[in-house]
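Starting from the given sequences, assemble the full structure and let the hints guide the process.
Chains as they are written, first to last, in my numbering: chain A, 1 to 398; chain B, 1 to 464.
Note that these hints are calculated values from the structure, not bench results.
Any given hint might turn out to be false.
Claimed, not checked - Label pairs and their calculated CB-CB ranges:
(1) B:VAL345 with A:ASP261: 58 to 64 Å
(2) A:ALA377 with B:HIS335: 50 to 56 Å
(3) B:LYS119 with A:GLY355: 53 to 59 Å
Unchecked claim - Derived list of chain A stretches under chain B, where covered just means 3 residues or more per stretch with a C-beta under 8 Å from a C-beta of chain B:
(4) 15-27
(5) 125-136
Keep in mind the model is a prediction, meaning the values are calculated, not measured.
All C-beta atoms in this analysis are idealised placements derived from N, C-alpha and C, irrespective of residue type, glycine included.
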Amino acid sequence: MITKVVMEALSPTMEEGRLAQWLKKEGDAVKTGDVLAEVETDKAIMELPARGDGILRKILVGDGETTEVGNLVAVIAGPDDDIAAVVGQDGQRRASEAPATAARTAPAVSPAAGGEEGARIKASPLARRVAGEKGLDLRRVEGSGPAGRIVKRDVDAALPAPAALTAPAGGAEGWEDVRLSQVRKTIARRLTQSLAPIPHFFLTAEVDMERAAEARDVLNAAGDVRISFNDIVVKVVAMALRQHRACNAWWQGDTIRYFHDVHIGVAVAIDEGLITPVIRHADRKSLRAIAEETGRLAERARARKLAPEEYTGSTFSISNLGMFGIAEFTAVINPPEAGILAVGAITPTPVAHDGTVTIRRRMRVTMSCDHRIIDGATGARFLQTVRRMLEQPLAIVW
Amino acid sequence: MSKTFDVIILGGGPAGYVCAIRCAQLGLTTAVVERDKLGGVCVNIGCIPSKALLHSARVASIIKHDAAALGITTGEVKLDYKVAMQRSRQVSEQNAKGVEFLMKKHKVTVIRGSGVLQKGRKVKVGDDVYTAGKAVVLATGSRVKGLPQVGLEINKTTVISTDEALMLEQAPASLAIVGAGAVGMEFADIFDAFGSEVTLIEVLPRILPLEDAESSAALARVYKKRGIRVLAGARVKGAKGGKTGVTLEVEANGKTESLAVEKVLMAAGRGLNVEDIGLDAAGVTLTDRGFVQVDDALRTTADGVFAIGDIAGPPMLAHKGSREGVVVAETIAGHRPHRIRYDNVPSVTYCHPEVASIGLTEEACKDKQLAYQVGKFPLTANGRARAAIETDGFVKIIRDTKYGEILGAHIVASHASEMIHELVVARENEYTVDEVDLAIHAHPTLSEAVAEAALDSLGRVLHT
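Below, the structure written as structure tokens:
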């Protein structure tokens, strides 16, 4: 029996995967459930299991190569099965992407069709040539011509700025073209989806962190779990969201989904970008539990081991660049969420306090709001609650 | 008559009337305000009647030069400009009536008079004020203009514009034409054929200055051979007029000569009809070049007011204006039309041989430092051209070296105006020279020269 091994959707947002490493080689006998290869998805490194028994007869996508979800990557079959037809089908598809024959619109696999032979790509001959030359996959390009036809300007727009224009002729200055990792591609796609169509507005508040700092010192002196300022912010924001349901929502086009539960996405920097593990029910968890969970998730995120449920489903997000000394910044909304809070560094600042100028630890937070969901006053009231709770950290135990 | 429409269009030329038809097709109630004849300059005193006269000129030329070789014996050939002119007027009238019929067919209201834009999408015509619910479209076009600074104000007798040239009862014995763009070239062809002694004066270094240098050179050769005097890089320093003629002082190649002619035809530039239509008061601003300022959807600076055609900016061509009319109508109706590719508007001069082009000239490719290959095919090697004694000319295609993109195409041929569209379609659809070659061309046709030029750019020409 012949079993096609296809690139599987190993995360909910995955559209293509990089075959990091084959763990089996051609000729190996495999059983259902055996791990065939490691695949780098947009979020993590996952295992690609065998879905049939037999011999791994043919590997079509080599180590380090990237392919669409649904594309054939290998064939498992009995020793005498004729796999030429299965392999040939794929070979034809590949040829259709090569520049020399690009004009012969052979059917290309549509990612949505999950491996079925899909609709042909509408693209001009010139667009095909440029894309072929530059190694750009036309299925990744949105067409702006009649009926969505891909024309040259679409390909130009999808290409990175040409190196020739940025590089001096002599080649005296060095640079490196680095292929986009799956994570970087996802960040680029998701965030472009965010900034362009979402009507953003931004609210900034300065928060006095003296009492929060005192509270944190006391807690850290007493306990075995180290609590960070970010943990306090996560807890406070989660509690404030419970009071301000309007900010704990998703934009869904025709409806707005207001959540009863609060799940906070916490942006974590990893080597290749960032990922947002989710602290579920953060409003109901103790500071200590949040601190522990954040630490554990961040570690797993950096090791690229997060399971899909650990980084999806957040209802609001927090991004903290305070540790880099960033005083204040704006973060890009993680759609479909209604907002994100950007947390800056805690900085000793001279302020008027009780009639004199004193130095106090202050922190700036900036909330990016999707105006389709949150109005100015709504966002401002939420931020006011966040500020009050941070300034009166006892509120946390209420 | 109702005084409220969805759309009111000022001007019934090729931009305005086409816009009106498209508006009507999209279910908008539409009015066109026209002070003169429907069809505008194009139909009445421009494109259409001049083509009728050029046809007379071409037939005359064939009879004079080729009849004997074609096996046709003629008696004395007499030319009567008046008859040719009258036929051209009939053609114009038929076309203007055609536009009127189209307005009726599409239930577009035609308001006779001069429209003046008012604030708030209103248009005043005489004492009546009409209101546009959705938009006002300005399509008032352009007109001929003289050169008063050198004494060449149009006086309609000895210093004339095309308006008068199209109505003359006889061809002048001698004619100086100032300006060798499309208009100057066409009238030089017409009056040369009707026996006038023609001098063509162009201030820029070559005739047809906007075309590829090879096209200019080809036409300069043909015109000189026909006996038309061509003065390029020549400046008119002054003009002295009498009742029976004009003496021009022309400076060329560092020498000044005096040129006495019966008439001077001004064919240098056009004036825009942007005065007295209420632009200032309505908040419509102009660019520093005098065009109406528009954004990429052809919106002016006044809310709900669009501008199309000549006043909206160059190229000042009927077909560009018509397309703008369609696009604006669709925008008003809430559609999202495809944007106009202003770099893909063909340019045609209907002299003989015709000159047509699309895209960049070779000089422009050089200026832009593009890597390009030129393919060229002469009509002397084309069977159909030989059969018709129409071997003057060539097809030249400039392609991008790497991808084969058609950067520009230039045709000099008896039917260049018809041949260019293959390359317009190719460019619009981003076909490369390979696709132009792959499309099988009927034999024998002039269009085979297009495929051969594409092949030549690839180094694979078959027939030279």
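Query - Numbers of the earlier hints that this structure fails to satisfy, in rising order - result: Failing hints, ascending: 2 and 4.
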